Structure formats: C-alpha cells, structure tokens
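2 protein chains.
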Amino acid sequence: MEEAEEIFKEFKEHSVAEFFKKNRQMLGYSGKIRSLTTVIHEYVTNALDACEEAGILPELEVTITQLGNDHYRITSKDNGPGIPKKHMGKVFAQMLAGTKFHRFIQQRGQQGIGCTGCTMFAQITSGKPTHVETNTGKGKTYIADIMIDVKRNSATINNEKEIESPERGTKIIAEYKNIAFTRGDYGAGEYIRRTAIANPHAKIIFKDPNNQRFVYERAVSVLPARPTPGKPHPKGLDVDDLVSYAHSSQERTLKTFLVKSFDRMSGAKAGELEKKTGLDFKRKPGSINWEEAEKIVAAIKETSFLAPSTKELKPMKEKQIREAILNVLDPEFYSIKSRAPATYRGGVPFIIEVGLAYGGNSGKKANGDTRTEIMRFANRTPLLFDSGSCVITKVVNELDWKRYKLKDLENIPLSIIVNMTSTYIPYTSAGKTAISNESDVYREVQLAIMECARDIKRYLSGKRKKHERRTRKQTLVRYVPEISRALEDLTGKKKSDLELKFMEIINKKYGDISLNGEEPKEEEHKPMQEDRRLQGIEAAQEDLKKMQEEQEAKENEDLED
Amino acid sequence: MEEAEEIFKEFKEHSVAEFFKKNRQMLGYSGKIRSLTTVIHEYVTNALDACEEAGILPELEVTITQLGNDHYRITSKDNGPGIPKKHMGKVFAQMLAGTKFHRFIQQRGQQGIGCTGCTMFAQITSGKPTHVETNTGKGKTYIADIMIDVKRNSATINNEKEIESPERGTKIIAEYKNIAFTRGDYGAGEYIRRTAIANPHAKIIFKDPNNQRFVYERAVSVLPARPTPGKPHPKGLDVDDLVSYAHSSQERTLKTFLVKSFDRMSGAKAGELEKKTGLDFKRKPGSINWEEAEKIVAAIKETSFLAPSTKELKPMKEKQIREAILNVLDPEFYSIKSRAPATYRGGVPFIIEVGLAYGGNSGKKANGDTRTEIMRFANRTPLLFDSGSCVITKVVNELDWKRYKLKDLENIPLSIIVNMTSTYIPYTSAGKTAISNESDVYREVQLAIMECARDIKRYLSGKRKKHERRTRKQTLVRYVPEISRALEDLTGKKKSDLELKFMEIINKKYGDISLNGEEPKEEEHKPMQEDRRLQGIEAAQEDLKKMQEEQEAKENEDLED
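Those protein sequences? They're chains A and B, same order as listed. Here our numbering is used: position 455 in the first sequence is 484, and no number is missing along the way. Here our numbering is used: position 330 in the second sequence is 359, and no number is missing along the way.
Okay, chain A solo, but in the shape it has when bound:
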C-alpha cells in the first residue's frame, strides 16, 4: 500500500490558462471545422459588443486566407472604439480579466476567456503571436504582437509601436494551423450569415478562402439601444448572493442596501420584507448572517414584485424576426411570440423569443427529406454546435408535438427559431454553444414554442377543414348539371338558370372555398375568420364556368380515347 504522503507529494497548482490549454475542447477547439468557426465567433462577438457599447453602428470585415494544408490566416477588422494600450495584454492574453464578467449587462461575450483563448490557440498551433492594431480615435494606432505565458496566465508583448492614423477601430491578424474552412452548416460562412440575420444593424463583409466575397449590407440604420448595466431582480435571488452582496455593500442600512441593490425593490417593498422577517432593517448590511439572509430570501418568495425591468434587455423584436423568417424561409405560415421578461437563478432577467415557420423553405433538407430545423440564438449570437445539450433542443424534443397536429418532427418542413436575451446566458461550457437546462429557461422556451405551435395547429386544422369542405363542395357541384336537367324537364324552367340558382345556394355555404384549391398564398397568413366571407353571385358564376370547362375537357378526352 502506498501512503498518503507519498501520493500527495506531487500536489501542484495550475493556472486557468493551463486548464483551458489542456481542455481546449471546452473553449470550442475540437475538430478542425469547429475550431475555425470558434475563432470567427470570438472575433465577431467581441467586435459587435465593443461597437454597441460605444454607440457605434458596427462595420466588420472578416477575411480567411488559406496558407497551406489546415493552415489559415484570419483577419478581423472593426470600426469600434479601440482598446487602450494599457489593457491590451489583459484583453488578448489573460483569462478571466475583463469588463463583462461582473457587470449585470447584456452582451455577447461575458466571461473574459474567449479572446485570450484565440491568442492561445493561434500560438499553440502555429507558434505565432497575434498581431493587433488598435486606434481609440485620437490619431494614433498602437501596434503590437501578443502571446500568452500560459503557466502564469499573463501577456508577453513584442514589437510594440505607435503610428499616426485617423482611423478608429481594431484589427487583429492571427495564424492558425490544424483548422479547416467549410461551406457547410457548421462553417464560418454560415456563422456569419446567421449573425447578419440576427443583427441587421451591422454591416459585415466576409472574404472566404476561395476569394468569394459576401457583403451583408446594413438593413437597419438605427443602433439597438446601448446596453446598460442592470440590477439583479429579488425573485430567484439565492442566499449566498444576498450575503455576498450585503457584505460588500457600503450602504448604511439594510433597507437602503436592498432598495439600491435590487431591481423593483421600492422602500415600501423593503418595509414589507422587514415586517415579514421581523429583522431590524436599520442594521448595517454587513452584519447579516446566513440564517437572516435565508429569512429575507424566504420573505421575498412570498412577496410580489414587478416583473424585472427590461431596460437592460434588448431582444431581437418581432419585426426583425419576421424579416429574417420571410427573407430566409419564405414560409407558408409562421408565428412569432415574445414572452414577458422572466428571471432564472440569482434573479438574472431574460426574455425568450420564438419564431415558428412552416412550409416554404422551412426545415432542413437532407437526403430528399425535410426535417425540422432548430436555429438557436443567444443575445443575437448564432449557436451552431452542441445542439444536443442545449435547453432549446431539449424543449423541442420533449414537446408533445402530436397535440399540435405535428406528428413526426423528422418529416416536417418546420423551422424553430429561438433567441434568448439575457444579461447572463447560462452556457453549458466556456465554448458558449449551448444553453444549460435551467428550469426557468426551460419553461419560458416551452411556453413560447407552445404558443406558436397552437397557431400552427390552428392553421393546419383550418387547412384540413378547408380540404374537407372543398371535397364536399366539389361533390355537390358535380351533381348540379344533372339535377338541373331533370328539373328543367319537370318544371319547364331554363336549365342554365337552375344551375346558377343551385351554385348560388352552394356558394352561400362554401363561398370561401375555391374549387381547385388555389387560395392565394397571402390569405393564409391572415387569421381564419377573414377567409370565411361569402362570395355571392360572381363567385358562383365563376365556379360554374370552371366546372363547365372541366366537363368539356373531360368529354373531349373521352372522344379521343
């Protein structure tokens, strides 16, 4: 037997950069195609975030140049605010350093790992530093080559210089090996296309390694409102958070601490909590212990608060989702729902938006079949990978689609678009490609999809009813000439008049149904009621004419036989 002392002799501490170097797959660096897309994702999200925080309409240029087998140079250029010289090392070569981690603000990046991950991956595959040129708009461009000292999680900066230049923004050039470009669903091109769909206020130019140039022009010239830091909502706040917020607070009383720290916490609400807990709210916030914090959290659970303020949340909005759906999918029918803001664990507010599109180019074509397709977005960032471990996929797979007349998802031309907007997306891993299965998020996604699915069900059952009604109308119409002829003999009335009379009666009941099933496409987007208008004599005449033409055509065919 080996003794404990012997075993623990090899105890060592490691840096977070060493951890992510060894576990690079957790950052998205597994597989050549995915690795390239991960790099593009990091550069693009950082550029968009920087522009939006500075209030600049984003203009990005991404270029991928092939240098050899599995060997590429990636260039990313933006018109953002630039990076101050003294922060360069931390932005590009120090993990867990950044402005985003601790603030309660809706941004794409949020961890302070991704950009440094790129620098590290470039360095461990190509051996080359990441070249950065950045200009904060004060006439000077700062240029440097940056590497990361992995053991110490800190930057090594070389070849620094400053040149005169009026052009504001940041340009990154880095070389990668062991990555690969593809035009497929998981490639950088698709990533950028989906980014453009969800961010119509950005202009994005993309040059692929085959020298193809894609320009996604700005469709909206208004910047989404600048993201602002928010406060946590009391509902869902956990005890640990409350204790740590309280203990680091500078406020003089528990009451002012509560009112100033949390969203929707008025003086009256704090007073209510004081009463319910029986605690003295004039004490210093730092003096509360775990049991007291537990009491406050329990009281919060029993108190109603306004829904989280949405001022810090900037969802895609229905108009943009509709444009994306109509442009890309041109569906037979669609439905868009935006849920009211909710919170998950720790009072983090979020909004779920869902678009369901049916028919047209909806769904994913594969081997001649059309299967249901899920397009996932988080803060307008497309999520391409790890679909299987994402809460969105989980909801879709677990939903009882039969209730919505959608039986076999494998064979339905359906596209499901889901965007989660939040000040903090609970990603399953640092690679940020899947949203974790938080129960509150699950429920909101589920409710939104169900609302849309109900619309589709209504549409499809309307379509089915219409089909049944059409069959009935066709049957009735078929007998009109015969009966009219018989009645002509009986009553002496003119057959054509009788026919018209009959058609008028039929159309009183089936006026909304065309005989050949070619309702104009537009109408199907409208609610069903509008369709149920009576069409009167003109429609009857037209139907009769059609019927007679068909009859003639049939007789001609019979003669030819």
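Keep in mind the hints are simulated off the structure, nothing from the lab. Do not take every clue at face value.
Just some of the chain B residues that point at chain A, by a computed CB distance under 7 Å [said to hold, decoys possible]: (1) Glu-31; (2) Phe-40; (3) His-43; (4) Val-45; (5) Phe-48; (6) Met-55; (7) Ala-83; (8) Gly-84; (9) Pro-110; (10) Ile-153; (11) Gly-156; (12) Thr-165; (13) Trp-319; (14) Pro-455; (15) Ser-458; (16) Ser-465.
Facing chain A, from chain B, some residues (calculated, C-beta under 10 Å) [as the list claims (entries may be wrong)]: (17) Glu-42; (18) Gln-54; (19) Lys-61; (20) Gln-123; (21) Met-124; (22) Ala-126; (23) Gln-140; (24) Gly-141; (25) Lys-157; (26) Arg-197; (27) Pro-258; (28) Val-268; (29) Tyr-453; (30) Gly-460; (31) Tyr-471.
Remember, it's a predicted structure, so these values are computed and weren't measured experimentally. Positions of the beta carbon are idealized from the N, C-alpha and C atoms, including for glycine.
We have chain A already, so just place chain B on it with the hints.
Only chain B this time, still in chain A's reference frame:
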C-alpha cells in the same frame, strides 16, 4: 459615442472559483436532480481514485439523508489512504490544485476542480461548511470544517481538531439545498448502480433518502493494477507541447530529452529523427525554436513507432464487460470488442471497448416501445448526462445501421456499452459528462461499434436464414406422409419406413433446424458453424414423432369442431 477609456474603466480580474461559481452549470450544477448526482459523482470518483492509487480494495458508503424540501445531507465514507493535514485546504477548497492535472495517469478525476466544486455548491446553497474527517492510518483522525473563499480561490478552515483513531480513510459530510433525489435514470442510485457494474472490485453501500439500503458486494477481490504515470506518445504530439516539454527539460541533449520524455522513443528512433530533420540532436533541448520543433513533429509523422504502451491504461476488459452484460441485460446475443490502444491529440493514449447486446432486457423500455440504449463510461465512470454532445452518441447516431440489418434504432432492443480508457479524457466541460468529438476518438469508437454490429448482423441474418430454412423444412415435412402413402401403394414398401427414409434425407440438409423454432438459447451465443452439424437418424425420428403428434392433435381438433 462612449470612448474606450470610459468603457475599460471597469476592467477587473477574477478568480477561477468566481468563474465556476457564476457558471456552476459548467460543473454539472444545473437542475436539482443533476446537481445531487454531480455531488455523488465527485465524492465516489475521488474515493475510488484514492483507493486505487494507494493499492487498497475500495469500500465506499454513501448516504443521502433528506432534511427538508430540496434539502439533503450527503455523507461519503471510504477506506482510502486519507489526506495529509497540510493538503486538506487545497483538496477541498482550491480549484486547479491537485496531483492529477499534470501527471500522465489514468484516473477518474483529472482536473482538480470537482471536489472543490462540491464544497462551493454546499456553501452557496446551504451556507454550511463541508465537514471532513480523515485518517492516513497512523492512529490519528484529523477533523475540520472547510469553506472556500471564492474571491481568492482559497480555503477557510475552522473547528480543527485531532482525535486518536485506528481507522484509516476519509469521511465527508456536507449539506446541500436546491437539490433533489430521484430513483430515475438520472438519479444518484442509478449512478451508483452503474459504477458498481463497471467496478466489480469495489464494495459500495448506498443508503437512499427513503432509508433503502443497497449493497453492491465485491465481485472480484483483485484490485485492478495500480495506475502508473505514463509518457506521451510521439504520434499526435503537437509542436507547442514539444516546445514546452523541451524548454522545461533538464536533460543535456535533445536526443536524451526525446528518449526519456516520450513513449516508444528508442535511441534508434531518435537517431532516425535526427537524420530526417538534419538538426543537431546534441544541442540542449531548451535551445530549439518553433520551426525546429515543427521539423521534428513533421519527421515523427513520417516515422513508424510502436503503438502506445498500454501499461498505464487499465481498461475494463472483456470478462467484466461480459459479466455486466449477462447480469444486467440477459441478452439474446451479444458481442464485445476491445480496440488496440490509439492516441489522440498530444499523444494521449486511449482504448475503446464496446459491448453490443441484442434482445433480452437490452434497450430502453419507454411507453411500450423498446429503443436503443447507450451506456457511456469513461475510465469506468458512468456518464449519465449530456448524451447529445458526447462523441459516443454522435457515432451511434451517424452510423449507417441499415448496413447491419438494424433499420430503426428507435425500435430495436439494443444496448450499446462504450468505455473509453485514457490517461486524459477530453471532456466537453468541467462537469465531465460528455466526451468531446476528437476525430481519433470518433474513429476508434466507430470501428469498435462497427465490429460488434457486424457480429449482430451475422447473428440476425443467421436467424433470418434459419427462419427461411425452417419454413422450407416444415413444408417438406408436411408432404412426407402423403408421398409415403402414395409410394407405399406404388412400391409395396412400408409407409413408416419410407417416412423415416424421407425424414433422414430432409435432416441431412436441415438437421440443424428444429421444427418448432425452439433452439436452445445457449447455442445462439455460439458461432454459426457449430450449429450446422448433421443430426442423423435420432433427430429424424424425433422430428417425425413431433410431426405425427401434431397431425393427431389437428385431427382431434377437427373432430371437436
């Protein structure tokens, strides 16, 4: 527009513990059921690792006690080597500190995060420290309450004391809120059951919150060979690793560095590399630069090396997999394959073992259907969650099962058991529930499953052929009495003799086929050839008797009608 200086004013650095506190879902803490299972997973794997490294046959006792709504106390006790007092804080309350991260050794834990993650999750949900009692076998038990200072990623230790005690091992008691116990597929009970299946050398006692006690007795009294640290294999080694190994080496020449640092690198092989690269291998290892390292890696790619040494890899072995399959699934047919050791990125050696079981209790019952079930293991640790993002699931989903006569995985009583054994499992996230899609791993899993699937195909097509042959035999046998009667009249020979003669001829061709389709189950596990023996006169007599009995039974039925 906001200026860069303004934006970067809020730049802050964060500890890895803060990162994982905010992103607790990355450690497996999302959802109440999953959170509880994650805790059990961390305690059990640490206990098993400690025992095995010390050469002790593991005996574990895990108790879950419900204290309130979503509120539990978890106790884990082992007979392992104990933890030296001075390492207590780092083991339980400092992330990225440990013995496993930097060593090239096959263990269940590997990151130095999990155990501290438990301490943190207990603390942020219940506010309570983790109580530890540990004894290294020298007559004293060290007792302490441990918390983590999240901001500084370091331990806070209270209530320390030492008592006299002869009993070696470690006991952990911690309280958790916001977790839930379930008896289902994702619960702690199922986790422990699967652990017992894959670790028959361990005795595990599990007491669930309903006071049910499960004892998994030791089925094998031999400890798996103690894991030993290995060396990286040159194939798959990347340039960055080579440079960093070389620069931290104390060896005097590049040649001795290569020979001593890498698996299967003989002096002769190093000489071959020297020739191919044209470099001077008498130089200090620290003197090589990136381009030179690239040359060495390129030369390694063109040189053949022995497959990685397997002495540090301890797979489950066929015998154990077979026992698990027979015990748990009692299948109609099974096939087990163990691939030869291979390497993935960075020369990490691994072995893939696959067992496919068909029929019997194989597959997953759900709503009356039986679907294909995948049981994933990594270093004998069951992987219950995130199936969708695991390379094993990916292989299964992408395999062309039709080629193996298995059309619709949704409706097949098939269990697929895969165990990856490696000195480093490339998990998709720190929660360690899914294996990343590394191409080398994908290929090995695929090949192993395909080998097993071929066996199943052979079995199923044998079964089908047998069925066809049985039908033919039955048809022939049916006409024997009639033809015999006719021949009796024609030739004067006795009908019963003729019948026997005919049956003998039929059984020469169809002797392996029983008329009623009830082949003994045992035989189906054997290769097909053995079945194809001729059964001769006895079999013929028996078949004839059976046939006559059936005939009589039928006639009686007719009479009754």
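Structure-based check of all given hints:
1. For B:Glu-31, the interface hint holds, the least distance from its beta-carbon to any beta-carbon of chain A being 5 Å, beneath 7 Å.
2. Contact between B:Phe-40 and chain A, as hinted, is supported at the beta carbon level, the nearest pair being about 5 Å apart and thus within 7 Å.
3. The criterion of a C-beta within 7 Å of any C-beta in chain A is met by B:His-43, whose closest approach is roughly 4 Å, and the hint holds.
4. Because the smallest distance between the Cβ of B:Val-45 and any Cβ of chain A comes to about 5 Å, under 7 Å, the interface hint for this residue holds.
5. A distance limit of 7 Å between C-beta atoms decides the matter here; for B:Phe-48 the minimum to chain A is near 6 Å, and the interface restraint holds.
6. A distance limit of 7 Å between C-beta atoms decides the matter here; for B:Met-55 the minimum to chain A is near 6 Å, and the interface restraint holds.
7. For B:Ala-83, the interface hint holds, the least distance from its beta-carbon to any beta-carbon of chain A being 5 Å, beneath 7 Å.
8. At about 5 Å, the closest approach between the beta carbon of B:Gly-84 and any beta carbon in chain A falls short of 7 Å, and the interface hint on this residue holds.
9. At a threshold of 7 Å, the smallest CB-CB gap from B:Pro-110 to chain A is about 4 Å, leaving the interface hint in force.
10. This hint holds: B:Ile-153 has a C-beta 4 Å from the nearest C-beta of chain A, less than the 7 Å allowed.
11. Below 7 Å, beta-carbon pairs count as interface contacts, and B:Gly-156 has one with chain A at about 3 Å; its hint therefore holds.
12. Among the interface hints, the one on B:Thr-165 holds; its C-beta lies about 4 Å from the nearest C-beta in chain A, closer than the 7 Å criterion.
13. Interface hint at B:Trp-319: satisfied, since its Cβ lies 3 Å from the closest Cβ of chain A, which is below the 7 Å cut-off.
14. Because the beta carbon of B:Pro-455 sits about 5 Å from the nearest beta carbon in chain A, less than 7 Å, this interface hint is met.
15. Restraint check, B:Ser-458 versus chain A: the minimum CB separation of about 4 Å is within 7 Å; hint holds.
16. Interface hint at B:Ser-465: satisfied, since its Cβ lies 4 Å from the closest Cβ of chain A, which is below the 7 Å cut-off.
17. At about 5 Å, the closest approach between the beta carbon of B:Glu-42 and any beta carbon in chain A falls short of 10 Å, and the interface hint on this residue holds.
18. With its C-beta approaching chain A no nearer than about 4 Å, B:Gln-54 sits inside the 10 Å limit, and its interface hint holds.
19. Because the smallest distance between the Cβ of B:Lys-61 and any Cβ of chain A comes to about 8 Å, under 10 Å, the interface hint for this residue holds.
20. The interface hint given for B:Gln-123 is met, as the beta carbon of that residue sits about 7 Å from the closest beta carbon of chain A, less than 10 Å.
21. Satisfaction of the interface hint for B:Met-124 is found here, the shortest Cβ-Cβ separation to chain A being roughly 9 Å, below the 10 Å cut-off.
22. Hint status for B:Ala-126: holds, given a least beta-carbon distance of 5 Å to chain A, under 10 Å.
23. Interface hint at B:Gln-140: satisfied, since its Cβ lies 7 Å from the closest Cβ of chain A, which is below the 10 Å cut-off.
24. The restraint placing B:Gly-141 at the interface with chain A holds, with a minimum CB-CB distance near 7 Å, inside the 10 Å limit.
25. Look at B:Lys-157: its Cβ gets to within about 8 Å of chain A, closer than 10 Å, so that hint holds up.
26. Because the smallest distance between the Cβ of B:Arg-197 and any Cβ of chain A comes to about 9 Å, under 10 Å, the interface hint for this residue holds.
27. At its closest, the beta carbon of B:Pro-258 sits 9 Å from a beta carbon of chain A; the interface hint therefore holds under the 10 Å criterion.
28. The restraint placing B:Val-268 at the interface with chain A holds, with a minimum CB-CB distance near 6 Å, inside the 10 Å limit.
29. A hinted interface residue such as B:Tyr-453 counts as satisfied when its beta carbon comes closer than 10 Å to some beta carbon of chain A; here the least separation is about 8 Å, so the hint holds.
30. Of the supplied interface hints, the one on B:Gly-460 holds, with its beta-carbon coming within about 8 Å of a beta-carbon of chain A, less than 10 Å.
31. Because the smallest distance between the Cβ of B:Tyr-471 and any Cβ of chain A comes to about 9 Å, under 10 Å, the interface hint for this residue holds.
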